[in-house]
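Asks: Chain residues, written in single-letter form:
Protein chains: 2
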Amino acid sequence: MPTADNPLLAPIADALPPVERASRMPAGFAAVGTTAGIKVSGRPDFALIVATGGPVPAAAVFTANRFAAAPVRLSRANLRATGGTPATCGYASAVIATSGSANAATGDAGDADQAAIGVAVAAAMGGEPIHVLHLSTGVIGTRLPVNKVAAAVRRVVDEGLEYTDLALGHAAVALRTTDSTTKMASVKAEVPGADGGTVAITVTGIAKGVGMIHPRMATMLSVVLTDATASPATLRELLRSAAAVTWDQLSVDGDTSTNDTVFALASGASGAASADHDTAARSALGSALEAVARDLARQQARDGEGATALITCQVTGAADDADARAVARAVISSSLVKAAVHGKDANWGRIAGAAGNALVAEAAVLEAAGLSPADAAARACQPAAVDPARMRIAIAGHLAYDGPAGGPAGIDKGAAREAMNAEEVLIRIDLGLGHGTGEAFGCPLTEAYVKENSEYTT
Amino acid sequence: MPTADNPLLAPIADALPPVERASRMPAGFAAVGTTAGIKVSGRPDFALIVATGGPVPAAAVFTANRFAAAPVRLSRANLRATGGTPATCGYASAVIATSGSANAATGDAGDADQAAIGVAVAAAMGGEPIHVLHLSTGVIGTRLPVNKVAAAVRRVVDEGLEYTDLALGHAAVALRTTDSTTKMASVKAEVPGADGGTVAITVTGIAKGVGMIHPRMATMLSVVLTDATASPATLRELLRSAAAVTWDQLSVDGDTSTNDTVFALASGASGAASADHDTAARSALGSALEAVARDLARQQARDGEGATALITCQVTGAADDADARAVARAVISSSLVKAAVHGKDANWGRIAGAAGNALVAEAAVLEAAGLSPADAAARACQPAAVDPARMRIAIAGHLAYDGPAGGPAGIDKGAAREAMNAEEVLIRIDLGLGHGTGEAFGCPLTEAYVKENSEYTT
Chain Z
1 MPTADNPLLA PIADALPPVE RASRMPAGFA AVGTTAGIKV SGRPDFALIV ATGGPVPAAA
61 VFTANRFAAA PVRLSRANLR ATGGTPATCG YASAVIATSG SANAATGDAG DADQAAIGVA
121 VAAAMGGEPI HVLHLSTGVI GTRLPVNKVA AAVRRVVDEG LEYTDLALGH AAVALRTTDS
181 TTKMASVKAE VPGADGGTVA ITVTGIAKGV GMIHPRMATM LSVVLTDATA SPATLRELLR
241 SAAAVTWDQL SVDGDTSTND TVFALASGAS GAASADHDTA ARSALGSALE AVARDLARQQ
301 ARDGEGATAL ITCQVTGAAD DADARAVARA VISSSLVKAA VHGKDANWGR IAGAAGNALV
361 AEAAVLEAAG LSPADAAARA CQPAAVDPAR MRIAIAGHLA YDGPAGGPAG IDKGAAREAM
421 NAEEVLIRID LGLGHGTGEA FGCPLTEAYV KENSEYTT
Chain D
1 MPTADNPLLA PIADALPPVE RASRMPAGFA AVGTTAGIKV SGRPDFALIV ATGGPVPAAA
61 VFTANRFAAA PVRLSRANLR ATGGTPATCG YASAVIATSG SANAATGDAG DADQAAIGVA
121 VAAAMGGEPI HVLHLSTGVI GTRLPVNKVA AAVRRVVDEG LEYTDLALGH AAVALRTTDS
181 TTKMASVKAE VPGADGGTVA ITVTGIAKGV GMIHPRMATM LSVVLTDATA SPATLRELLR
241 SAAAVTWDQL SVDGDTSTND TVFALASGAS GAASADHDTA ARSALGSALE AVARDLARQQ
301 ARDGEGATAL ITCQVTGAAD DADARAVARA VISSSLVKAA VHGKDANWGR IAGAAGNALV
361 AEAAVLEAAG LSPADAAARA CQPAAVDPAR MRIAIAGHLA YDGPAGGPAG IDKGAAREAM
421 NAEEVLIRID LGLGHGTGEA FGCPLTEAYV KENSEYTT
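These protein sequences, in sequence, are chains Z and D. Every letter in the first sequence is one number past the one before it in this note's numbering, and letter 120, counting from 1, is 120. Every letter in the second sequence is one number past the one before it in this note's numbering, and letter 183, counting from 1, is 183.
Hints were generated in silico from the structure; no laboratory data involved. None of the values given here were measured: they were computed from a predicted structure. Accuracy of the hints is not assured; some may be wrong.
These stretches of chain Z come out as covered by chain D in the derived footprint (C-beta under 8 Å, 3 or more residues) [stated by the list, open to error]: (1) 198-207; (2) 398-411; (3) 442-448.
The beta-carbon is built from N, C-alpha and C at its ideal position, and this holds for glycine as well.
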């Protein structure tokens with residue numbers, strides 16, 4: 001309901017392609033999701049995704065946590081061994097994902113466990129362990145039951161992996177830990193074919209992640225598959241810049257996990273022209289990756305532990321995009337804002353307070369978002385420009401604070417409470433300083449979050 | 001219960017002087033705490049503290065929030081007008097504190113309100129408005145009832161302020177909003193007298209603060225009074241360095257408020273030698289300020305909204321003190337660690353994960369803690385050095401993780417649960433990298449925090 005008088009009601013224009021929440025399998029991949037017996041509950045805890053034609057270009061974004069888990073360390077080493085520069089891209093023919101144990105803080109024994117799993121996958125598939133990428137999620141400090149995982153590998157390879165959408169859906173189910181929903185997003189696009197004409201490419205991502213989520217590089221587990229064509233370095237660049245405006249803007253609880261990883265694999269099986277050389281192909285692949293990442297991030301925030309809604313903060317009028325993203329991230333990360341949204345309280349003072357604390361992201365994230373190394377270094381962790389006298393805030397479509405008009409806008413708290421009773425609560429901020437825009441995704445802080453994280457070891 | 005085998009049980013040696021939780025009034029000041037009628041509850045909401053001999057050296061640490069409240073802006077301007085460089089010290093003869101309304105995000109009208117209150121204080125006391133410092137706390141975005149506050153000023157000045165400990169205690173009570181306890185701390189020390197011999201100095205702080213507390217400069221409201229002798233610049237330097245290792249290491253909920261302020265006023269009425277020139281006097285005053293600040297920070301964390309205990313994280317073996325403080329702060333700021341402590345779950349994996357994310361503080365905080373401007377700029381917001389293979393973690397005296405011995409230490413979770421059932425839960429981390437030490441203070445995340453912050457506008 002935007003009006004000429006109140007641009008705060010207008011959402012940020014969205015130029016991204018439409019997303020379907022489906023596990024559409026891109027050409028050139030097969031998958032399986034099943035139960036290996038890691039989880040005591042007996043729920044699915046094992047997924048294997050393979051590039052059916054052998055190693056394909058792969059790129060990754062990993063956690064910034066110094067306590068990186070064994071699967072993160074091994075995947076990083078494998079990409080370094082198969083790729084060039086930067087170290088986070090190379091070639092891979094399989095992604096193995098286990099849930100129930102994070103294999104983090106398990107020392108040398110944990111590293112050996114993960115390596116043994118890679119060897120088992122390579123032996124069963126007939127490839128090299130360095131072409132296996134690893135994902136794991138679950139309790140920190142517990143060992144993976146290697147024998148059970150290796151047995152599952154042999155079993156699923158014997159039974160045969162499937163090329164179907166359903167199989168990729170099963171893989172998505174197996175990624176889940178405390179997730180209440182299965183997270184998937186898919187985009188189709190037309191791009192120039194390698195041999196002329198146009199071809200359809202598919203970009204499909206699956207993901208998990210509901211707790212220990214916070215912007216520091218990647219923020220949970222995800223695998224994005226595409227049959228588009230790109231070199232490892234190009235795939236990495238497109239993935240990293242998509243993550244900078246989506247997953248890096250997602251926070252559930254301010255904790256960056258030890259296992260956060262996003263992998264993207266490009267089979268090239270669509271016959272598309274290479275994104276390395278064809279600008280139309282590059283642009284379409286980049287947009288599709290961003291759209292998939294953004295939708296997965298929204299699904300992850302909505303399913304945050306204990307969450308009852310998605311909180312989206314969209315910021316316009318910032319001095320630049322980095323500032324806009326910083327302010328959006330500060331707002332959705334604020335415990336007090338999150339608790340207020342839970343209570344459906346249009347407490348704009350807490351939003352103003354959070355915005356006033358915003359710090360621009362770290363240099364690595366700024367570079368990924370397109371800043372030069374010098375600019376990124378100069379801006380990193382600096383306060384975002386915020387002027388109370390020029391800022392305006394709207395909550396769920398209700399103008400709450402209008403700096404240029406003197407401050408408090410006399411919001412109708414009852415009407416705002418009604419409007420906040422929704423699946424998505426949109427907080428809009430116009431900073432009145434420039435043309436920078438950005439958004440971030442979070443969720444309410446509820447008693448259920450506390451209960452879930454104090455009563456059980458997760 | 002430290003043992004030679006397990007130094008993790010040993011707390012960081014504490015060289016600070018003993019603290020009494022009393023409102024001992026230093027010589028040269030008088031105070032009053034009463035009800036002005038700002039709070040609808042009718043509870044005390046007004047405090048006035050005066051330097052009885054006229055303006056005395058004063059120093060401040062203010063919030064880093066860009067949405068700084070009217071009392072912060074006015075106090076900053078007054079110190080700038082009465083002091084020199086840096087702008088956060090000067091001369092003051094009165095501190096007026098109101099609670100119930102923060103007078104934040106109230107625009108020009110809010111600034112005018114606060115100025116009118118300063119004029120009322122100066123008129124009643126017979127001084128200048130620029131010598132009045134302002135504190136306010138409460139709901140953001142509501143106006144202060146200036147007439148009620150001005151009437152209270154006239155009434156208390158007519159009735160007379162008292163030099164007594166009880167009067168300072170009443171002022172401490174009036175600072176409270178959702179605080180469940182009155183926070184005060186006092187240290188006595190012997191220092192060289194200005195005219196030879198030794199004299200006793202008193203440093204007493206009162207404080208409030210239970211929510212919207214996070215390290216960014218100061219982190220709540222506090223007034224520290226002393227009858228020691230120091231110039232504004234020296235007082236500021238000692239206050240800032242004390243805050244860097246105490247209040248800057250305190251987090252309740254990750255939100256830095258719009259009103260955070262600490263004032264220190266030094267009457268010189270003890271007859272002590274000046275801390276500007278006498279190293280013994282300087283050292284004693286610095287230690288006393290740090291001891292008072294540390295104890296107030298601990299009281300504030302213990303009384304965090306919904307908190308059931310104090311969480312202290314002490315870090316040794318860091319590459320340097322800045323890293324140690326960063327790791328300690330990351331641990332006590334983690335929602336997952338806070339929820340685990342609430343559940344008395346010795347979940348060391350979450351502690352390891354939080355430690356692995358630690359980022360060193362901003363440049364201004366590092367400078368306050370003693371780093372050179374160049375070193376501070378180079379270190380600011382950089383990851384703290386953490387090596388899982390060298391790190392050890394103990395929770396409430398129980399060794400949980402021992403990197404050098406291979407990782408998980410086989411903690412007895414039942415015994416640890418018993419030990420965590422205490423007023424203070426001590427998390428000890430030795431990083432095994434160097435000689436840096438640091439500590440931080442926080443509190444459990446509970447359902448009561450969520451309830452308190454979602455059901456009511458605060």
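Asks: Hints first: check each against the structure and report whether it holds.
Replies: Hint check:
no., hint, verdict
1, 198-207, "violated (count 0)"
2, 398-411, "holds (count 5)"
3, 442-448, "holds (count 4)"
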